[in-house]
Every structure is written in structure tokens, then in C-alpha cells.
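Chemist: Work out the full structure: start from the sequences and follow the hints.
Chains as they are written, first to last, in our numbering: chain A, 21 to 157; chain B, 21 to 157; chain C, 21 to 157; chain D, 21 to 157; chain E, 21 to 157; chain F, 21 to 157.
The set of hints was computed from the structure by calculation and includes no laboratory data. In this text, all values refer to a predicted model and were calculated from it rather than measured experimentally. Be careful, since some hints might not be right.
Where chains are identical, the list cannot tell them apart; a pair therefore holds if satisfied intra-copy or between any two copies.
[What the hints assert, rightly or not] Mimicking DMTMM-like on lysine to aspartate or glutamate, the simulated pairs with C-alpha atoms at most 25 Å apart in a straight line are: (1) Lys29 / Asp96; (2) Lys92 / Asp40; (3) Lys29 / Asp148; (4) Lys143 / Glu43; (5) Lys85 / Asp99; (6) Lys91 / Glu136; (7) Lys85 / Glu45; (8) Lys29 / Asp99; (9) Lys92 / Asp106; (10) Lys85 / Asp40; (11) Lys92 / Glu44; (12) Lys92 / Glu28; (13) Lys84 / Glu28; (14) Lys84 / Asp40; (15) Lys85 / Glu43; (16) Lys70 / Glu43; (17) Lys70 / Glu44; (18) Lys29 / Asp40.
Listed below, chain by chain, are the residues.
Number of protein chains: 6
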Amino acid sequence: MVYLTRIEKFNAAHKLWVADWTEEENVAVFGRCANANWHGHNYALHVTVKGMPDPFTGFIMDAKKLGGIVKKEIIDHVDHRNLNLDVPFIPAGCQPTSENLVIYFWQQLFPHLPPEVMLHRLKLYETDSIYAEYFGE
Amino acid sequence: MVYLTRIEKFNAAHKLWVADWTEEENVAVFGRCANANWHGHNYALHVTVKGMPDPFTGFIMDAKKLGGIVKKEIIDHVDHRNLNLDVPFIPAGCQPTSENLVIYFWQQLFPHLPPEVMLHRLKLYETDSIYAEYFGE
Amino acid sequence: MVYLTRIEKFNAAHKLWVADWTEEENVAVFGRCANANWHGHNYALHVTVKGMPDPFTGFIMDAKKLGGIVKKEIIDHVDHRNLNLDVPFIPAGCQPTSENLVIYFWQQLFPHLPPEVMLHRLKLYETDSIYAEYFGE
Amino acid sequence: MVYLTRIEKFNAAHKLWVADWTEEENVAVFGRCANANWHGHNYALHVTVKGMPDPFTGFIMDAKKLGGIVKKEIIDHVDHRNLNLDVPFIPAGCQPTSENLVIYFWQQLFPHLPPEVMLHRLKLYETDSIYAEYFGE
Amino acid sequence: MVYLTRIEKFNAAHKLWVADWTEEENVAVFGRCANANWHGHNYALHVTVKGMPDPFTGFIMDAKKLGGIVKKEIIDHVDHRNLNLDVPFIPAGCQPTSENLVIYFWQQLFPHLPPEVMLHRLKLYETDSIYAEYFGE
Amino acid sequence: MVYLTRIEKFNAAHKLWVADWTEEENVAVFGRCANANWHGHNYALHVTVKGMPDPFTGFIMDAKKLGGIVKKEIIDHVDHRNLNLDVPFIPAGCQPTSENLVIYFWQQLFPHLPPEVMLHRLKLYETDSIYAEYFGE
Chain A
21 MVYLTRIEKF NAAHKLWVAD WTEEENVAVF GRCANANWHG HNYALHVTVK GMPDPFTGFI
81 MDAKKLGGIV KKEIIDHVDH RNLNLDVPFI PAGCQPTSEN LVIYFWQQLF PHLPPEVMLH
141 RLKLYETDSI YAEYFGE
Chain B
21 MVYLTRIEKF NAAHKLWVAD WTEEENVAVF GRCANANWHG HNYALHVTVK GMPDPFTGFI
81 MDAKKLGGIV KKEIIDHVDH RNLNLDVPFI PAGCQPTSEN LVIYFWQQLF PHLPPEVMLH
141 RLKLYETDSI YAEYFGE
Chain C
21 MVYLTRIEKF NAAHKLWVAD WTEEENVAVF GRCANANWHG HNYALHVTVK GMPDPFTGFI
81 MDAKKLGGIV KKEIIDHVDH RNLNLDVPFI PAGCQPTSEN LVIYFWQQLF PHLPPEVMLH
141 RLKLYETDSI YAEYFGE
Chain D
21 MVYLTRIEKF NAAHKLWVAD WTEEENVAVF GRCANANWHG HNYALHVTVK GMPDPFTGFI
81 MDAKKLGGIV KKEIIDHVDH RNLNLDVPFI PAGCQPTSEN LVIYFWQQLF PHLPPEVMLH
141 RLKLYETDSI YAEYFGE
Chain E
21 MVYLTRIEKF NAAHKLWVAD WTEEENVAVF GRCANANWHG HNYALHVTVK GMPDPFTGFI
81 MDAKKLGGIV KKEIIDHVDH RNLNLDVPFI PAGCQPTSEN LVIYFWQQLF PHLPPEVMLH
141 RLKLYETDSI YAEYFGE
Chain F
21 MVYLTRIEKF NAAHKLWVAD WTEEENVAVF GRCANANWHG HNYALHVTVK GMPDPFTGFI
81 MDAKKLGGIV KKEIIDHVDH RNLNLDVPFI PAGCQPTSEN LVIYFWQQLF PHLPPEVMLH
141 RLKLYETDSI YAEYFGE
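Modeler: Here's what the structure looks like:
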């Protein structure tokens, strides 16, 4: 079993805000991340699949094809978008934290991978010093 | 003459949009950067000053003090903010491109540096593959 | 279950030296790392916790709060310090190798994390090309 | 149990090409990677071993000694070489994809590690955005 | 005057070899870089242009458009290619060192930039620890 | 004229301390950098030379030979050393700040470069976010 990882990047705006809370409560919990007019990040998404190398091609799957699926299913929906408002597969009112994003991205990507590989891990860098990971369980 | 650089980071939302243009014109020029609901970046700002090392301290200026001035005069105003709406020293209606930001940041920072150094260069990374530089002339 | 990682950095001096050995024996085993007058590193510590995202905040825990605990319990004791001489929670005479440091840091950090997360991994970069990891077992 | 990783780099040429296929078939599957006159990469190999820190040295094994073994058994055979033509331990006709390379490297390195550690993982970066991993099973 | 830099990457094979010299002479001068069957690199090209920000767009030129020109005029000719054999604008028999490549790339790119900017610098990373720069004079 | 840069790394201990000042004065000026038992860094030194590419080799000078000179004249004296105590070419009592180090390194390296190149710049990273540069004037 070999693991293959492809990294794709996107730039997006978001804020952390619970609609049922007052502004004071939101700022108390989320600090500057609750800024009303949004802020944003350069995100880097590591997509790891696992499988057996094909005896002819040496691929578990073509990394370029993997990149194409990730772009079509995830990046095209989030790049230069607002993660609170613009993304169909992020439920309205849910916080677009990195911890939640890796779960939404997993649900979005999982059905579109070819049968010869299994999705193993999503790792999302929000900044150089914070990242979240999800293994589907 | 020795050059000293301090790097400070911030996360902000912005969009590129000319108010006098139609949405079609804005999208034609700015592409995805014109997304109505904003997008954002992790910015890294390199501030370079030049001067002579002090014979006692070996500093041209204390890098921590330089970092403090950059934080107070620039980072605190732009971090977790919207560059189109929230920043007093970015003129309303001006595009917050990296090329313009290095000029606004220069004007903002210049008067606050101590006399023993000269501001030499501002370099602003917008993504891993795009950066702007300004030398004050 | 989602994994969240926060990276904190520190700069410290150390040397590798067994008090019961001669200088020749120390140099034979540790090479330049046994330099009598110390050497030092820029360390980067990756702290990974795991838990379930809170339905309101989307956090498994606030990454800023995690950073604050890591700074108070570890970084403040090792940053700009000598790892052989200055750190109360590194036993005298023990070698401050990265392999040992991740164990000492685990013991130091473990009791201070909130109940909603479990400490999953410590990863310590000593240089760009050497790092140690510990999972608590 | 502590995990220690040492990173070593090499520069090599390769192409992806199945001898039994026509040029059209090769290009259809491998795209630009099938370029007849080769292309190449700066590879970075992360070698992770696991073991217990020695009570005297604090090492699970000397990272410099680990680097020396990796250089002698792998890097010296692949650095500034052609991975399709020049490397004795890569079988003729096998594709030098990253997925296959981590398996060949594992087989090559495994017998040469000292008994106090176990080889845990090989991770090979082919570019900044693609890497393969192998855990020996 | 503001400087804007766009980074584009490519992967290529090459070797250093003077046709008029014996193999012994080539190896004596170029070492492992003279390996008959080639080796290769992941190159990163920094293209810096300078100009005045447009009062409407805030661009000195659209960074995406700059990237497109660099891709069309340079990257498409060198990516997944052999720099000694496959590239029309690298003269036969000339050494594809980074020092020469930045000159050939300058000559290739210069005529294709729009009049509102001037080409200021090309910087080419051959590995993480070696790069060449050219300013056109 | 082409510029060639070679990066070499070293790990060293140091502290900032003026012997004629009290501990209170030193801590007031240097903060944690005045820690009596030292601290340390992973330094990265960028050495830039300029010259004309040789028509046969394509080199302004062999980057490996440049690296060898930098290692012999600088790195071997500072790597795994104490910059206040162990380095012959750093004057006793002088502060080993990055600003001073680039000057001492310039004086040390300058006489040892071959006549076909000129030393253009030394750039020294002390941490990921602080670096000093010197151009010899």
C-alpha cells in the first residue's frame, strides 16, 4: 500500500460568527476572527489517497488526474470565494473553521475518486502555523 | 551600511472592483478577484531598513523594536480586516492590490521610524508566487 | 475526530555531553554537538490535539488558546534559554536531544490541556532536515 | 517509542514510458512525463525510524549516522543520475514514479539499518506539490 | 515605481558537457553534472517587472497576464523538456547552467512584455541552495 | 553581468551582552538575548558573487567551488560554535548580531574568492523573520 499526496491551494474570505449570539459574545469567543467585514487566507489543501501501484504505469492513480478532480470538486467552488456565503456544500450558518472545512471537503471529494484508490487524509493549512487533518472517521 | 529586514504577517479580505464600472467590466478586468463577497490572503510583509551598526549594541536598530513599530502602525490596522472597507490609511475607492498596498504602507510607516535608520524597501507577498516591492521613489 | 496542529517556535542553546565520559569519548560519540561552549538552534514545535468540532464554534479547541497554553507551559521556559542548564522540567544530566525533548515537552504539556481534546502528537524540528515525533506511548 | 526523521535531497532525470506501448499510447497516459529526452526533479527523501532513546546519549540513533547510511545506500546511487538507466536497484523497465521509488528505496535501505531502530516510513517529495509515502506493508 | 514579481516553476533535465573535451576533462570540471544520461531539477523562475500602478486597476500589469506570457514564452518550451536538446531558444552546444539560462530567458521574454512595464530582473532557483540573477546588463 | 548565490547553513550559540554594563542595563537593552547561559540559532548565509559566464563552462564560477570556499573560510569556524567565544575572526567583546556578522563574514571571505568574480552581497537569516544584508560599502 502506497500513499500519494497532491497539494492544491486557494484564497478565500471568511469570518467566524454565531448568528444567535450578540456581537459581544462573538468577539469574546472568536476575537479578531469575528470582524464583521471578513478576513481571509491562502489555504493549502493536502489530499492523500492510498492504493497499489499499477504494474504498467507505476501510478496508484495519476497525480495530475487527482489534481483535476480536487480542482473540479473543491477548489473551483472555494477559490476567490467567501466560505460563509458562496459555497454550496458548506451548510449555511456552519462555521468555516479549518476543522469543519476538512469534513465538508471530505464529503464533497469522497464520491468522486476512482475505485482503485481510497481517500486516506485531508490536511488543510489555514496559515503557516495552523492546520487541521481529517481521516474520515 | 547594513540592511536589516523584519517580516510580519497578516490575514485580510479584499476584492478588486472599480465602482464606476459595470459588473461585466470588473469581471473582464479582475476575473475572480472581483468576487462580490470578497476573498482573502495570508500576507507577509518584509520591512527593510538601513543604517550603521551601533558600536555598543551591534544593532542598526533593535529588530524587536522595529517589529513593534510595524505592528502598531500597519499590522494592527490590516490584520483580520477588510482592506477595502476597514483601513483608515487606504483611501476609499482605491484598489488594494499589492502594488498599491506597498505604497500606502510606506507612507504610513515612514514617519514612525527612528532617525538612526532609513526605510529602504517594503516587499509584500500576496501569495507564494506573487509579491510587490517599493523603494520609496 | 479531527486533528488540529499549532506550530510555535523558539531559539535555544544546548550541547550533548555525558558527564561521566572523557572529552575524547564525548567528541567520539557526539562530534561537533559536544562543543564545550555550546551551539544552538531555531526549533519549531508542532503540537497536535484531536477532538470533535463544537457544533456552535466549529473548534475542537480555539487554536489561539492552544497556542497560549503551549507558550506558557513550554516556550516561555525554553525560548532564549540553555536547554542543559536553564529549564526546570529537563532533568539535570539528561541529553537535550530532540528525541528526549519531545518526551519532556509531552509530560509538561499533557496536564494543562482542556478535557475536550486529547494530545495526539508532538513533532519537533531541530533543523530543516531533522525532526523527532512522539505520540505519548 | 520516538520517531526520528532525516531528510536527504537528490537531483535526477527520469521519464515515464512503457516499452510495449506506442508513443501515442505513452503520451496519452503519461503526457509530458513521457518526453523522449527526459525531464528531472529535485527530490527530497524523508527517512523515519523509530526506537527508544538511549539513556546515555538521548539518541534513538545518531541522526548523522542515519544520514550517512541513507547517502551510501540510496543518494549516492540516484543523485545526478537517470532513474530509468543508471540505478542498479531500480529494475529495468519499471516506472520510476514516486510511488515505485519509495518501495525500491525501502528494499534498498531496510537491511542496512542498525538493530536498535525500525524503519517506519519513507516519504518522497517529487515536487513542492506531490509526494508519496510507504510504510513497508 | 513599483516592482511586481511572479514565480513560475518547471521541471527539466540537463547535463553540463563540452563537446570538444574528453569525458575525463568534462568530469574533472563538471563532476556529477556531466553524468552521460542526464540529471534534472525543479526550477523556480522569479520574473520581476517595474512600472507605475494604474490609477483605476491598481496594477502595474495584471499578474495573471504576466504569468500567462511567462508560460507561453518560456515555461511551455522548457517544462518536462531536456534543456540541452529540446529548447529552440537555447543555442546548441551552450551550457544550460543557471547563469546562462537567465540570459536566454531574458532574451526570449523581453520582446513580449507590454509597454507599460520594464523587465527588471530574472531570478532562477536551480535547487534550494543555488540561484542565478540577471538584470539585462 | 550575472549574479550567482550559494546558500550555506550553520548552527551556533550566542548572546548579546556589553561587558561594561550591569545585568540590568543589558537586559533592558537586549531582553531575552542577554540570557547569561546563551541561546542559539540555525543561521542561513546567502553568498552572492557577480561575473560573466565563461563561454565554455557557462559558469561565472563553479557553485560547488564557491560552496567549498564559504565552508572553509566561514562555516567551519562558526558551525556548532559559540559566536562570542569560539570564532577567531569575530573580535572579542563585539556583539555577534546579524548586522555585525555579515561585516565580519565579508572581511573573512573577500580575500579568498577567485579573480573572475566579485563579492556582491552577504545575506544572513537569523530566524525565519529576521535577516541582515551587507554589500561591502
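Chemist: If a hint holds in the structure, say so; if it does not, say that too.
Modeler: Right, here's what the structure says about each hint:
Within a single copy, Lys29 and Asp96 get their C-alpha atoms as close as 11 Å, and across copies as close as 22 Å, so both meet the 25 Å cut-off. With identical chains, the CA atoms of Lys92 and Asp40 are never at most 25 Å apart, being 34 Å at best within one copy and 33 Å at best between copies. Taking the shortest Cα distances, Lys29 and Asp148 sit within 25 Å of each other both inside one copy (13 Å) and across copies (10 Å). When the C-alpha separation of Lys143 and Glu43 is checked against a cutoff of 25 Å, the pair qualifies neither within a copy, at 31 Å, nor between copies, at 35 Å.
Taking the closest pair of Cα atoms, Lys85 and Asp99 come within 25 Å of each other both inside a single copy (19 Å) and across two copies (18 Å). In the homo-oligomer, the alpha carbons of Lys91 and Glu136 lie at most 25 Å apart inside one protomer (19 Å), although the nearest pairing across protomers, at 33 Å, exceeds that limit. For the homomeric pair Lys85 and Glu45, the shortest alpha-carbon distance between copies (17 Å) is at most 25 Å, but the shortest distance inside one copy (45 Å) is not. Proximity of Lys29 to Asp99 under the C-alpha cut-off of 25 Å is found in both arrangements, the shortest distances being 8 Å within a copy and 21 Å between copies.
For a Cα distance limit of 25 Å, the shortest separation of Lys92 from Asp106 inside one copy, 16 Å, qualifies, whereas the shortest one across copies, 33 Å, does not. In this assembly of identical chains, Lys85 and Asp40 lie within 25 Å of each other by CA distance solely across copies; the values are 23 Å between and 42 Å within a copy. Taking the shortest Cα distances, Lys92 and Glu44 sit within 25 Å of each other only across copies (24 Å), while inside one copy they are farther apart (39 Å). Both within a single protomer and between protomers do Lys92 and Glu28 lie at most 25 Å apart by alpha-carbon distance, with minima of 11 Å and 22 Å respectively.
In the homo-oligomer, the alpha carbons of Lys84 and Glu28 lie at most 25 Å apart both inside one protomer (11 Å) and across protomers (18 Å), since each shortest distance falls under that limit. With identical chains, the CA atoms of Lys84 and Asp40 are at most 25 Å apart between copies only, with a shortest distance of 23 Å across copies and 43 Å within one. Taking the shortest Cα distances, Lys85 and Glu43 sit within 25 Å of each other only across copies (20 Å), while inside one copy they are farther apart (45 Å). Taking identical chains as interchangeable, the C-alpha atoms of Lys70 and Glu43 are never at most 25 Å apart, the minima being 44 Å within one chain and 29 Å between chains.
Within a single copy, Lys70 and Glu44 get their C-alpha atoms no closer than 46 Å, and across copies no closer than 28 Å, so neither meets the 25 Å cut-off. When the C-alpha separation of Lys29 and Asp40 is checked against a cutoff of 25 Å, the pair qualifies neither within a copy, at 32 Å, nor between copies, at 32 Å.
Checked against the numbered hints given earlier, this structure breaks hints 2, 4, 16, 17, 18; the rest are met.
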